[in-house]
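Using the hints, put the two chains back together into the complex; each one sits in its own frame.
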Amino acid sequence: MLKTVKQVMLAGSMLAVAMTAASADDIVVGSAAGITGPIAELVAPIVAGRELAAKHVNEQGGLLDGDTLVLAHADSQCDPTAGVDAGNKLVNIEQSVAIIGASCSGATNGMVQSVTIPAGVMSISDSATAPSITELDDNDLVFRVAASDAYQGVALAQLAINAGYTKLAMTFSNDDYNAGIASVFEQAFKDLGGEITGSQMHEPEKQSYRSELSTLSGGGAEGLALFAYYGSSGITIVRNSLENGLFGKFLAADGMFDTSVIEQIGADALRGNIMITQAASDDANVSYQAYAAAYGPAYESQGYAASAPYAAHGYDAAFLVALAIEKAGSTDRAAMSAALREVASGPGTVIRPGEWAKAKAAIAAGEDINYEGAVGNNDFDANGDVTGMFSVNTVGDGEGYTTDLIR
Amino acid sequence: MIDLLNFHIIPGLVLGSIYALGAIGVSLVFGILRFANFAHGDTMTLGTYITYTFIHLTPLYGIVALPLALLIAVPAAMIATGLIVLIIDRLFYRPFRNSPVIIVVIASFGMMLMIRSSIEMIWGPQLKAMITGIQPPWFFFDTIRVLPKHVAILIAALVLMGIIHYLLSHTKIGKAMRAMADSPDLARVTGIDTERVVKATWMIGTALAVAAGVFLALDGQMKPLMGFSVLLAVFASAILGGIGRPYGAMAGGLVIGVAEELSTYPWIGDGPLLSPGYKAGVSFAIMVAMLIWRPNGLFKGKVF
Numbered sequence: 001m002l003k004t005v006k007q008v009m010l011a012g013s014m015l016a017v018a019m020t021a022a023s024a025d026d027i028v029v030g031s032a033a034g035i036t037g038p039i040a041e042l043v044a045p046i047v048a049g050r051e052l053a054a055k056h057v058n059e060q061g062g063l064l065d066g067d068t069l070v071l072a073h074a075d076s077q078c079d080p081t082a083g084v085d086a087g088n089k090l091v092n093i094e095q096s097v098a099i100i101g102a103s104c105s106g107a108t109n110g111m112v113q114s115v116t117i118p119a120g121v122m123s124i125s126d127s128a129t130a131p132s133i134t135e136l137d138d139n140d141l142v143f144r145v146a147a148s149d150a151y152q153g154v155a156l157a158q159l160a161i162n163a164g165y166t167k168l169a170m171t172f173s174n175d176d177y178n179a180g181i182a183s184v185f186e187q188a189f190k191d192l193g194g195e196i197t198g199s200q201m202h203e204p205e206k207q208s209y210r211s212e213l214s215t216l217s218g219g220g221a222e223g224l225a226l227f228a229y230y231g232s233s234g235i236t237i238v239r240n241s242l243e244n245g246l247f248g249k250f251l252a253a254d255g256m257f258d259t260s261v262i263e264q265i266g267a268d269a270l271r272g273n274i275m276i277t278q279a280a281s282d283d284a285n286v287s288y289q290a291y292a293a294a295y296g297p298a299y300e301s302q303g304y305a306a307s308a309p310y311a312a313h314g315y316d317a318a319f320l321v322a323l324a325i326e327k328a329g330s331t332d333r334a335a336m337s338a339a340l341r342e343v344a345s346g347p348g349t350v351i352r353p354g355e356w357a358k359a360k361a362a363i364a365a366g367e368d369i370n371y372e373g374a375v376g377n378n379d380f381d382a383n384g385d386v387t388g389m390f391s392v393n394t395v396g397d398g399e400g401y402t403t404d405l406i407r
Numbered sequence: 001m002i003d004l005l006n007f008h009i010i011p012g013l014v015l016g017s018i019y020a021l022g023a024i025g026v027s028l029v030f031g032i033l034r035f036a037n038f039a040h041g042d043t044m045t046l047g048t049y050i051t052y053t054f055i056h057l058t059p060l061y062g063i064v065a066l067p068l069a070l071l072i073a074v075p076a077a078m079i080a081t082g083l084i085v086l087i088i089d090r091l092f093y094r095p096f097r098n099s100p101v102i103i104v105v106i107a108s109f110g111m112m113l114m115i116r117s118s119i120e121m122i123w124g125p126q127l128k129a130m131i132t133g134i135q136p137p138w139f140f141f142d143t144i145r146v147l148p149k150h151v152a153i154l155i156a157a158l159v160l161m162g163i164i165h166y167l168l169s170h171t172k173i174g175k176a177m178r179a180m181a182d183s184p185d186l187a188r189v190t191g192i193d194t195e196r197v198v199k200a201t202w203m204i205g206t207a208l209a210v211a212a213g214v215f216l217a218l219d220g221q222m223k224p225l226m227g228f229s230v231l232l233a234v235f236a237s238a239i240l241g242g243i244g245r246p247y248g249a250m251a252g253g254l255v256i257g258v259a260e261e262l263s264t265y266p267w268i269g270d271g272p273l274l275s276p277g278y279k280a281g282v283s284f285a286i287m288v289a290m291l292i293w294r295p296n297g298l299f300k301g302k303v304f
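Going down the list, the protein sequences come from chains A and B.
Position 238 of the first sequence, counting from 1, maps to 238 under the numbering used here, and the rest follow consecutively.
Position 103 of the second sequence, counting from 1, maps to 103 under the numbering used here, and the rest follow consecutively.
Calculated directly from the structure, the hints in this document are not laboratory data.
Where hints are given, some of them may not hold.
Here are the simulated lysine-lysine pairs, BS3-like style, with alpha carbons at most 25 Å apart [what the hints assert, rightly or not]: (1) B:149 with A:249; (2) A:190 with A:249; (3) A:167 with A:249; (4) B:149 with B:128; (5) B:175 with A:249; (6) A:190 with A:167.
So the derived label-pair ranges between C-beta atoms look like this [stated by the list, open to error]: (7) A:218 with B:158: 24 to 34 Å; (8) A:398 with B:66: 25 to 35 Å; (9) B:148 with A:218: 34 to 44 Å.
Heads up, the beta-carbon is just placed ideally off N, CA and C, and yes, glycines get one too.
For reference, chain B alone in the conformation it holds in the complex (with noise of 0.2 Å):
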């Protein structure tokens, strides 16, 4: 019984809260800007590199430890990752902002491919990783099993969560933010400066998902698909939680990610109860399933 604490729940938790992570970003994107944006999952893998760069291009790495190393560059890589997005905003995405929505949306599949493209030009197609070798867990009572990065992501995760709290309900901007998610002309009528609202959500849902692509890539390794192996359950997580609303988001990454571990536990019998070569599966038969059910999301109320 404690497998299932050890192998499923932890690791689910820290899945989900990577994929929270990045469809908060989606979520915010189609609440205020109305489309799906594809390019996400590249977004944070352009993080990641970017990050990675600031790392291990700079004297930084050889002056503090990792950990310490991260907190000082990933802000700033959310900071560079976040003006490429403007800029690619500004580019690709403005001309289109009065067109139907699959234009926008075909732009941001092309954005996806140019972004990846740009990666494997600048940083080639191979493996990179973070971090190296292996990390030893930390017991508790002898059986529950935790890894430090583990630990780290979740508290992380938490905080940032905490801070998009934080902005949505107590800041002006956020409350513009809302207030234009609910209705984009009544908020323009109402005086909010619509494209400063734009540029914020750009800000907000990129610093995000190259928190969650940085944390995937401690977790695993960093390659040029790693953003786009997840966009799907990110997707998921967004649709189950409901889409434009930023707390179904987290709760339905926490879902996901949770839902895809427990589903090769075995529940009956010594098997996993579904093969693990379908997990993947797993998000999109939730997310079908929401779609035809409960297209709204779990969190249809005015929650955002």
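Okay, chain A solo, but in the shape it has when bound (with noise of 0.2 Å):
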């Protein structure tokens, strides 16, 4: 109960920094991200990542001439349509310089496409990976610091054969990012000599897969490589597979890849029977290290920890927008893009996070920065994208997931 009055006052909270998003020192970056919907739990502690880099920043004499720099938040839900009301809000309404987000592929496919680049508004994802938004037409505007499904696709699939499956059974939920990593996945298990005995999609928020999970096991498969978010179908699609004998291993990327599913279904019953990809940091990173130092204090209250899926990207992309603004010296939207590439890459003083007055007083100086952040060195590629690492999570002898890197 404390911690749901505590959620409530930071929501609460956030409607309130939106609310004064508008006085004359402020310089307001937009925030999407899906604060309802299917993956909530984990859009918690990366919002949280977000505010810490803008506390960062204005405590460490803020933007420009000492403006404040003020997140705007709106909620993409996890939704395309959603994506494009949270956008407009952002862009239209509150005025923002640049966009973090939104959260889900879907939602970030539907903002950029309909909103943000139409609006010439830099936009950058801290969680977004499918494929397609590598894509996307975009005039160097839509950038992400989470690595696309590209990669995480094969090495959830070298995994499953590491680990000795031949037979999968796959389904998938009809959105973008499911359905981008599951074709990443089928096609790299199949080159590495796999079979997908059964590929299915289905719609998310039902209440029953029963049928269509039935269907998939008649092909004598080993396992079901489930891509789904956990809150819209994957917690049911398990329990369904469990509870009727259907199936009893499950692998899986990171839309799984929350304690709730623990929670719901029982750490007995997935204790080895669960493999769940995950991007990672690689903890003896001097600039994860600077960042799970702010992180863990700040918001250890709420139960967030620095480990927290895609916090330290969410922390990155808010860094990474305000360098922008500094290096850009102005809040014009159409330097953003430009501004943001300088500062990611080399060469130039290294700035880690936290570190807001030294690049502060760099950029006064006219020196190269190059931001090396806490999920890697955020050296964006042609496309926007970045390369990234991933760790394995089980469910070993604890009540909670076991983490391995893989290197």
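What follows is the structure, given as structure tokens:
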């Protein structure tokens, strides 16, 4: 109950921030996230990461002439239509300089294609991973600090082969992210010598998937490759499979990575039976440590860990936008994307998470800077993508996930 | 072939009885108040969250097992949610009683969003579970498998429908409701207290919605969008049965639920007849077909 009260207060404070967003010395950056919807639990720590970056900026001198960086929040609900609404609000009402988000690939695709690209506003997502975002015709306006599923899908296929799977059934939710990673996985798994016995798209938000699963289980598969958001169909599919003895083993990607899977299904049923890949940060990295040292104490009381999925990405995305504004020396939307490319890659003075004052001084002195973020070097390629690393998460002896980095 | 029963017909009946409970409420409100209540799905959600609160935030759950806790909490939540809906009716629908229908439909659309946002504010957008863990099925004749919770849902739904039948056919208020559905003006002339009938309609429709929501949560999970995600199927059921006809709504719900599940059975070849990705389209297709060819629904006689 206490947690709920805090979340309500957090939501309230976000609202308050959004309402006070227009005063003269404020520079408004849009923050579109799936605050409600099927991955609400995952999104809360990510938004906290964005807030932390804004806090660092404002504590260490602010933007430009001491202006305050204000994040205007909008709820993209992990849904393309809501993503368009959120983008419209942030671009046209809040007059954001640039936009962080959206969270889900579908919402991001909707938002950038209908709103931000036509309006010439730069956006940088911290957790949209669908390969389709790479291919957007975006005038160099769409960036992301999360690695494309073109990599994660291959990593998961390799894991499946290494774990001894040769025949898998596959089901994926009908949205940009899950359909994207499913097609990458299917191709990679076949290339590595595996066989997909059956592949089915399913509609999210249904009450039961028993009929689909019963058809899929007919092919003699050893396990189920499950691409879904945990909150809209993933948990239901795991439950239906286990209750009816249709599938006992599951392979999944980051859309399933939340502790509520364990809370709702029970750790015992999942022990040794589920593998989930997840974008990871190298905790031996100095930049990651700098971020974690700040994030941990700030959000410990709300139960968010620095290692929460994409929280570090949220921090990096927000910090990069701030650096781009500082580098551009103005709030001109058209200047953001070129400035972002300059601050994100070398050569130049290395800036790490939390080092806003140092970055501000270097930019003021006319030096080049190079942000080495919590999640990696954040060097964008021609499509505005980055590479990344992944971890594999299993349910071991304990009540939570056991995480191993894939190197 | 046994898969057809285990994985298509039984889940279809469970889903169908949930749709039916929701559709009765939609149908009753349409019959008496003559508008399509968009907020009905979110009334289900609200009732479910209130039930959850009664179970988990009172000492109830610690004292008795879940089935008994539900037997106490659900009726309490029905009353609580019914009172909230009565307040909503007084504040947001009653001022529009004599306005064009579209105004009150849009008012209910607004209420839908307000109820959902309030749920997110109070309980948070996170997933919750009425029951956690995996429930093993019961086996009959070694091949037929039924989940205990499904048996409970089916029995409870039948009991509730029986109560509704009794209310409508044997009680004074039920007869008044039917009279008002047939002709509101005539009902008023004969001395029926129409506002009292309206209140009864809301209470009954809401009580069934709460039950439907709790069954949904037992079978799946709780989230703010749970009611809205079945709203389309509920409307389709009500239209299939003939809007304004509660018995039709019961039949319509069961037909839609079973039809959705059967559409993915491999009738021809090995693959599902219809890709499960388009399962939601089945209730849509039935609804559109009915509206074109038989807009009065299956039960257009003077059943109600």
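Hint by hint, here is what the structure shows:
no.: 1; hint: B:149 with A:249; result: 24 Å, holds
no.: 2; hint: A:190 with A:249; result: 19 Å, holds
no.: 3; hint: A:167 with A:249; result: 12 Å, holds
no.: 4; hint: B:149 with B:128; result: 18 Å, holds
no.: 5; hint: B:175 with A:249; result: 55 Å, violated
no.: 6; hint: A:190 with A:167; result: 10 Å, holds
no.: 7; hint: A:218 with B:158: 24 to 34 Å; result: 33 Å, holds
no.: 8; hint: A:398 with B:66: 25 to 35 Å; result: 26 Å, holds
no.: 9; hint: B:148 with A:218: 34 to 44 Å; result: 26 Å, violated
When each numbered hint is compared with the structure, violations occur for hints 5 and 9.
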